[in-house]
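In the order they appear, the protein sequences are chains A and B.
The C-terminal position of the first sequence is numbered 742 in the numbering used here, with every residue numbered one higher than the one before it.
The C-terminal position of the second sequence is numbered 309 in the numbering used here, with every residue numbered one higher than the one before it.
Everything labelled a hint here was simulated from the structure, so no lab data went into it.
There could be a bad hint or two in this list.
In silico DMTMM-like cross-links for lysine to aspartate or glutamate, where the CA-CA straight-line distance does not exceed 20 Å [stated by the list, open to error]:
1) A/K182 to A/D291
2) A/K304 to B/E122
3) B/K167 to A/D399
4) A/K373 to B/E122
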Amino acid sequence: MSDTKSACYICKGCGIGERLDAGQLSNIATREGRMQIVKEHDFLCNAEGVKMIRDDIDNENVNKVCIAACSRRAKTEAFNFEGVMMNRTNLREGVIWIRPDDEESRETTQEMAEDYIRMGCADLKYMNLESGSGQQLRNDHILIVGGGVAGMTSAIEAAQAGYKATIIEKSGELGGWAGKLKSRTPSVAPYADPADTEIEAMKAAIDAFADVTVHLNATVAKTSGAPGRFSADIATESGSIVTENFGAIIQATGFNAYDANNLEQFSYGKSADIVDQAGLEALALAAGDGAIKRPSNGAEVKRVVFVQCAGQRSDKDGELSYCSGHCCSTSIKQAMYFKDQNPDIDTQIIYTDLRTPGSAGEDFYRSGQRKGVTFTKGVVSEVTADLKVKLKDLILDEEIEEQADLVVLATGQVPNAGINIDAVVSDEDNAGEEADNKIAGISVLNLDYRQGPDMPQLRDGYADSHFICFPYETRRTGIYATGTVRRPMDIQQAKDDAAGAALKAIQALENAALGRAAHPRSGDLSFPQFRKEGCTQCKRCTVECPFGAINEDEDRYPEFNESRCRRCGTCMGACPVRVISFENYSLNTLGEQIKACDIPDEFEEKPRILVLACENDAYPALDQAGMNKITYNPFVRVIPVRCLGSINSSLVIDAVTSGYDGVMLMGCPKGDNYQCHFVRGSEMAHERMSKIEDTLKGQGLEPERVQPHEVSIADIQRIPQLFNEMGELIGEIGMSPFKF
Amino acid sequence: MSEQYTNNFLKEVEQNVEEGDWVKMCMQCGVCAGSCPLGPHWAHPPQEIFMMIRANKREEVLTSDSMWMCTSCYNCIARCPRELPITHIMHGLARYAKVQGLAPQNQPTAKFGQLFWDNLMKKGRVNELKLGVALYFMNGFVEGIKTALAKSGLGMAMFKTKRMDPMEILGGHGIKDPGSLQKIIKKAQELEAARTQSN
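Could you put together the complete structure from these sequences and hints?
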């Protein structure tokens with residue numbers, strides 16, 4: 003602490019000077035906050051004000067700066083001082099804008115500002131400069147698992163950006179499913195006719211790049227490390243294992259076709275003339291420029307029926323519940339195979355909802371209609387082995403049976419995401435060895451992570467994705483799922499997706515090289531550190547880390563992989579012995595802020611409500627409440643936190659036993675449709691709070707003094723409302739007895 | 111059975127019905143059916159008619175009175191997201207049904223259409239008095255007298271305000287040379303017959 007010098011700058015602009023007694027705030031910063039330099043300025047974010055701070059940093063060796071002005075989310079470009087620890091004490095959105103401008107409120111508003119100054123100074127005092135761990139070097143090599151459209155596109159995009167790529171393809175050829183198509187749905191105007199798949203051109207492009215290596219008939223035997231220093235054992239065609247290092251990984255393992263043999267109602271397998279879409283592509287490729295014949299007897303095809311949603315969008319057991327997205331366009335394209343060859347062939351597409359996503363979709367649909375493809379809105383109940391199609395026409399509301407020469411079933415995509423590690427974990431818990439047999443599937447990445455060999459699955463077997471906020475990010479930092487392993491999609495969408503994944507992989511490896519965090523705290527240099535001598539090896543941090551960043555070393559102590567870490571602090575919140583912290587964000591910085599707040603004694607009738615607000619959603623919502631001049635309870639003291647997951651129960655217990663009358667935790671919606679940037683933070687917080695009830699009761703406190711809430715960024719009316727309700731509740735149950 | 115959902119009737123409609131080649135472009139959204147002010151009064155809204163054409167239901171479509179109910183309000187055309195000229199197709203289908211002799215018997219719109227046409231062709235102008243009288247007696251003599259008596263008040267009012275000239279019954283006004291008009295129409299009908307024949 004000896005070589006630190008702290009300064010506090012109090013802005014009087016935006017009405018702060020008129021509403022608050024800045025001189026008194028300066029006094030508090032000097033006397034209670036122990037700031038060595040305290041300055042007031044009329045307009046801190048203008049060039050002159052910023053220069054004043056800059057001069058102090060340069061000439062006075064100031065390295066801790068408390069800026070008491072607007073919210074930390076405002077004026078970030080003006081107040082941007084590298085290598086300096088900073089606290090942004092929020093007097094504008096957090097104080098004057100949420101309080102009425104009248105004589106009556108003046109005293110409580112001033113007290114609010116004073117407390118925030120105390121808290122800001124306390125935060126600074128316990129903050130250290132973040133430095134990064136230097137765990138890894140820059141590695142510009144990207145591992146791409148899967149050589150289909152997505153994998154090939156990622157490789158080409160990475161190579162074009164000047165990065166090295168290695169493709170691991172388990173089959174003997176690049177191209178994946180797209181390589182088995184006669185044509186694809188068009189991707190350029192006028193979107194009227196089936197187009198060339200361009201797989202050959204992509205293969206040629208990959209051949210031409212010196213920096214793209216392709217391993218065919220190869221798999222990944224083992225993956226370990228972290229972004230910037232991944233190490234992969236590649237089981238090559240020759241049977242030998244090659245170990246290479248990579249900066250980032252793209253998983254483009256695509257999909258398997260749904261097994262149409264499950265669809266007994268459609269007699270798949272009972273007649274050679276009932277095929278799935280892949281089967282029709284094979285027939286079309288075999289026919290070349292000639293007419294597609296009936297596979298059973300080589301006869302001319304006069305009438306083709308396409309059954310959409312075969313085994314998809316279904317609630318039946320063993321069928322797919324989701325829409326695979328590409329099949330309507332694919333059926334239109336396949337109907338064109340017939341119509342373009344001979345317009346007299348009847349082609350009928352039976353659908354319940356025709357879905358042709360993408361820019362080409364609607365135009366391509368019209369083109370199909372123009373070419374005379376018949377579209378019937380109906381549900382097919384049965385296809386018999388002699389190709390009688392039974393359907394209910396939903397427009398004419400009648401049951402119909404018709405005869406076809408060829409039936410094409412539009413079955414769906416089943417993602418090839420490897421092992422469902424969550425199922426493995428829960429089975430281990432429940433059934434032991436018996437469950438091992440149930441775990442079908444072959445691991446794709448064979449990750450040497452404590453948390454399992456593949457990335458977590460989101461739903462329906464699709465690989466992980468933060469579907470609301472950043473769809474590319476998975477819970478395995480530096481590993482990006484792309485293409486049909488991430489969600490159902492067609493060739494064009496897979497290409498676009500793969501280009502994005504390549505850029506994310508580049509970003510991840512460059513960030514890792516600089517010791518910076520990936521999304522969403524991108525650029526953050528701090529990382530978890532732990533006091534080994536205090537650790538009890540309880541493993542709670544390794545289990546609760548949403549990103550699998552923590553392994554165990556040989557002595558069973560946690561081993562932090564900095565560049566896998568997303569800096570949410572869930573480990574810090576989990577640790578029962580409080581040994582995990584970040585340099586600039588720790589139990590100390592939070593705890594001292596909580597302590598710094600002035601707690602008036604019981605008889606002053608001025609309660610204190612501590613609010614720990616998620617910096618991603620709840621805090622911006624509060625800023626917006628300020629901008630909208632929504633007033634709220636003056637006894638609220640808000641501390642922004644990285645994630646509710648970083649809140650250790652001990653902090654909350656300390657707060658209520660040191661005189662706070664209520665504690666509110668403001669996090670994101672949790673559960674299946676979670677919005678938490680760190681996936682499980684809000685959920686963990688709710689769980690932890692449910693467990694401190696007994697402790698509170700033991701202290702003679704009402705459990706309702708501690709309330710976790712799920713709020714979203716749009717709740718700018720609701721959050722102030724919740725504050726006010728908490729104020730009313732305290733009025734009812736009385737002040738905390740812990741005021742000393 | 112196996113004739114169902116073949117494109118035979120769709121092709122016939124495309125070749126013979128005014129704007130019939132639009133029928134295949136319908137995407138079955140149902141906006142036309144929801145927009146039609148006469149919706150509750152017909153057996154089949156346009157959406158269904160188009161689906162029936164695609165389902166090869168020739169008899170059912172052409173004998174239906176649905177398309178005769180169209181009042182040409184153009185709501186469906188204005189709203190169709192696929193920009194189908196639905197009103198025109200409805201009239202085209204009605205006309206084609208009549209030419210084919212399949213239009214429903216005693217369909218009032220069809221009857222009125224014929225009366226109007228015959229009236230117009232005589233002098234090249236519509237004689238409203240004669241058309242009105244013909245309309246009263248469309249369903250028989252007794253019915254006609256009853257209607258005429260019921261409407262006599264309206265007739266007298268129109269006469270007093272010079273909205274109706276009783277002398278029109280004796281011949282009425284017309285264009286200078288109705289003979290030439292009739293020749294033009296005849297020629298047009300021959301041309302159309304030749305065109306349909308060639309199909």
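Consistency of the hints with the structure:
Restraint check: the Cα-Cα separation between A/K182 and A/D291 comes to about 16 Å, which is no more than 20 Å; the hinted pair holds. Taking the CA atoms of A/K304 and B/E122, the gap is near 19 Å; set against the 20 Å cutoff, the hint holds. The straight-line distance between the Cα atoms of B/K167 and A/D399 is roughly 14 Å, inside the 20 Å bound, and the hint therefore holds. The hinted pair formed by A/K373 and B/E122 meets the criterion: a straight-line CA distance of about 16 Å does not exceed 20 Å.
The structure shown violates none of the earlier numbered hints.
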